[in-house]
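Trainee: Those protein sequences? They're chains A and B, same order as listed.
Each residue of the first sequence is one higher than the last, beginning at 0 in numbering that gives the first Met the number 0.
Each residue of the second sequence is one higher than the last, beginning at 0 in numbering that gives the first Met the number 0.
Please keep in mind that the hints were generated in silico from the structure rather than gathered at the bench.
Where a beta carbon is used, it is the ideal one built from N, C-alpha and C, also for glycine.
You can trust all of the hints, since none of them are fake.
Cβ-to-Cβ under 10 Å is the rule here; a few derived chain B residues that face chain A:
| # | residue |
| --- | --- |
| 1 | Thr-63 |
| 2 | Ser-108 |
| 3 | Leu-424 |
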Amino acid sequence: METFWFIAISIVLVIFFILDGYDFGAGIIHLFFAKTEKDKEVITKSAGLFWDSNEVWLVAAGGMLFMAFPTFYASVFSGFYLPLIIVLWLIIFRAIGLELRGQFKFQMWKDIWDKSFGLSSLLLALFFGIALGNIVRGVNLGGVENGESAYEGHYFFLPLWDSSFSPLSKTPGIIDWFTIIIGLIAVVTLAIHGANWIILKTNSSINSYLKNIIFKLNISLAVLTIISLAVWNMVNPNSFNNFGHKPYLLIFPCIYLAGLIGLFFIKKLKKDIHAFTLSTLLIVGGITSSLASLFPVILPSVNTIHEPLTIYNTSASEYGLSVAMNWALIGFILLIIYAIVQKRLMAGKIDHMDYGH
Amino acid sequence: MEDMIFYDRLQFAFTITFHYIFPQLTMGLSLMIVYFKYRYLRNKIEKYNDAAKFFMKIFAINFTMGVVTGIPLEFQFGTNWAKFSELTGGIIGQTLAMEGMFSFFLESSFLALFIFGEKLMGQKLHLLTGFLVFLGSWASGWFILATNAWMQHPVGYEILDNGKFVLQNFSALFSNPWLLPAFLHNQLASVVTSSFVVASIGAFYVLRNKQTEYGQLFLKTGVIFGLVSSILVAFPTGDWNAKNVAKYQPAAFAAMEGIFETEEAGAEIVLVGQPNMVEKKLDNKIAVPNILSFLTHQEWDRQIPGMDQFKQEELPDNIPALYYSYHIMVGLGTIFICLMALAAFLLWRKKLYVAKPLLWAIMFIVPFPYIANLTGWYTAELGRQPYLVYGLLRTTEGVSPSVSSGNTLFTLLGFVALYMLLGLLFLVLVGKTINEGPKHQTH
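Input sequences plus hints: build the corresponding full structure.
Mentor: Written as structure tokens, this is what we have:
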């Protein structure tokens with residue numbers, strides 16, 4: 000039952016990063032590569048029409064995590080207190096940036112909300128990557144200092160950074176050189192994904208230029224991936240054991256690799272949807288590989304006093320999990336129906352649609 | 000620790016207050032939009048369709064604000080109230096996750112279709128998407144109130160040795176006797192807010208002598224919806240809720256009604272008075288004898304326990320705030336019924352559109368339904384104190400053990416600044432939309 004919920008929540012999270020991932024990515028592309036007013040408008044629209052129905056997946060993931068693994072939810076949310084609240088503020092800035100831009104015609108107004116949308120998208124992608132980096136690295140559970148626990152076993156509080164800035168410190172902070180590498184991977188991945196989305200959904204004049212950008216971003220992604228693999232093992236020495244014990248889990252890294260290799264052929268791809276599928280593979284593979292490397296641990300401990308958090312020691316009751324499985328299955332079917340109806344009705348290029356309400 | 004709880008409570012109170020401004024309008028407004036759209040399909044008079052689309056714009060602005068201010072609330076359970084989340088997540092996580100999955104999805108998916116899809120879908124499907132948005136927003140209210148009802152009157156649980164609440168009976172969460180009255184009361188109150196907003200915009204157009212045709216339509220619709228809903232909010236749903244509080248939270252009931260001392264021969268109802276916490280009595284009291292006993296139990300001389308019957312640590316920790324919240328809500332509710340009854344009378348006599356003083360009153364009363372709704376929410380929440388889960392888990396036991404008060408203060412200040420900006424932008428946008436007014440588009 001715990002495994003079912005672990006998989007269900009992972010799926011919802013992955014869907015969230017695929018869907019909201021493209022509008023985060025659109026924001027990053029917008030920030031760096033949109034030149035003309037027309038480009039800016041089209042890119043904003045490609046994100047603005049969809050962000051709120053994408054963001055519901057985050058709310059759903061949060062709710063499901065709360066229900067299925069309350070101890071994990073409580074531990075992680077209070078432990079990463081500051082970055083999470085900052086993430087909330089960024090989500091707000093991004094949303095109002097998207098919604099407000101078109102409300103008034105004068106240039107300064109548009110510029111403010113363009114920057115608000117672009118910068119908060121960039122920072123959110125970075126923060127989400129850093130969060131993933133923290134989860135695979137592990138934290139100082141129980142806030143252990145000099146061999147004594149400052150809180151109950153599963154609670155902790157991470158500062159934004161530690162003076163050594165190293166993931167190998169006994170009390171690592173949220174930002175260190177390892178989590179920054181993962182953060183950059185997230186930024187580049189989502190930028191590629193967002194660029195593919197813009198190409199797919201719009202007839203923007205920068206579309207052909209974006210393909211060059213994607214090619215270059217993909218090279219940097221490959222380099223970053225190799226670096227991260229080299230240090231990953233150093234930061235969390237058990238990282239790759241799971242793949243040794245259960246070789247079928249290697250499917251997840253292969254998905255990532257398929258996306259990465261495929262994107263080198265971006266300029267030759269016949270259909271825009273193929274490129275979008277490849278960057279989707281990157282996201283699916285990246286997140287699932289990280290989770291699979293930890294399973295059944297969901298938050299490793301960097302001290303030896305406290306046990307890591309696993310899906311077993313943080314879950315709700317068996318009855319609660321099984322009754323929720325029943326309604327969640329109905330819910331999933333409904334969500335898929337909504338998604339199909341919505342995406343079919345809003346299929347195709349969106350340039351001609353009215354936007355701004 | 001004291002500071003910590005104070006800042007945590009203040010932060011939650013502040014963020015939920017700001018958040019609740021938006022869904023209380025959207026829940027009621029979605030019903031009225033469906034009504035306008037339905038009338039258009041029935042009689043094919045274009046102005047009803049224009050009205051539906053115009054209010055959908057207002058709805059959309061409110062919805063966006065509601066989403067961006069609602070996500071922090073879900074996060075705050077974990078960030079600021081980690082211990083509470085850990086202990087009760089197995090139960091209230093059910094209703095919160097269902098809210099996300101069943102209602103929020105419905106609302107967001109179909110809102111975009113309602114706004115952009117009229118040309119694609121045809122009128123009947125367009126009405127259907129509007130109806131689904133309405134369904135989603137009311138279902139949201141249902142799940143959120145199921146969560147709150149469990150905190151007010153916990154059911155279907157078992158407590159383990161480690162203090163964790165474990166779900167025993169899923170269906171009990173929805174057959175909770177607290178839930179249905181609270182839900183109906185809350186939804187009707189949101190219809191009151193939306194009718195006042197609709198009527199107020201109508202009054203503005205009529206008084207300004209522009210868009211008069213729409214103004215008259217909005218006034219008529221707002222007054223009729225407003226009269227019916229403000230009566231139903233008071234009776235039977237308000238009464239039903241008060242009886243529930245008397246039954247399940249007698250200490251809160253005594254504080255709400257301002258009964259310091261138990262009267263053996265029946266309790267009076269307090270109309271006016273200020274709680275004096277030093278002398279434990281009401282100053283400047285105006286009260287009618289025996290009415291409270293009758294309203295609560297239908298017996299004139301039934302005894303109702305006063306605050307003297309409870310231990311200090313069982314009583315709500317801010318009695319004056321609770322007392323005033325409740326009395327402001329009831330007082331405003333009474334004013335709403337009178338105002339709308341008068342307006343409905345003039346509407347019937349065909350004199351409403353020229354009754355200038357009344358139109359001014361309707362136009363400017365708009366903040367008050369919001370205040371009534373919020374004080375109603377405060378009454379429920381302050382009444383639940385000093386508990387998070389009534390009778391079982393104290394508020395002091397629910398905060399995050401690892402977060403210090405400095406962090407909470409910092410994030411509180413951040414939210415205050417950010418929400419002030421949001422509030423300002425919201426007013427500018429709504430003002431702009433109202434000023435532009437409904438437009439007739441030909442397709």
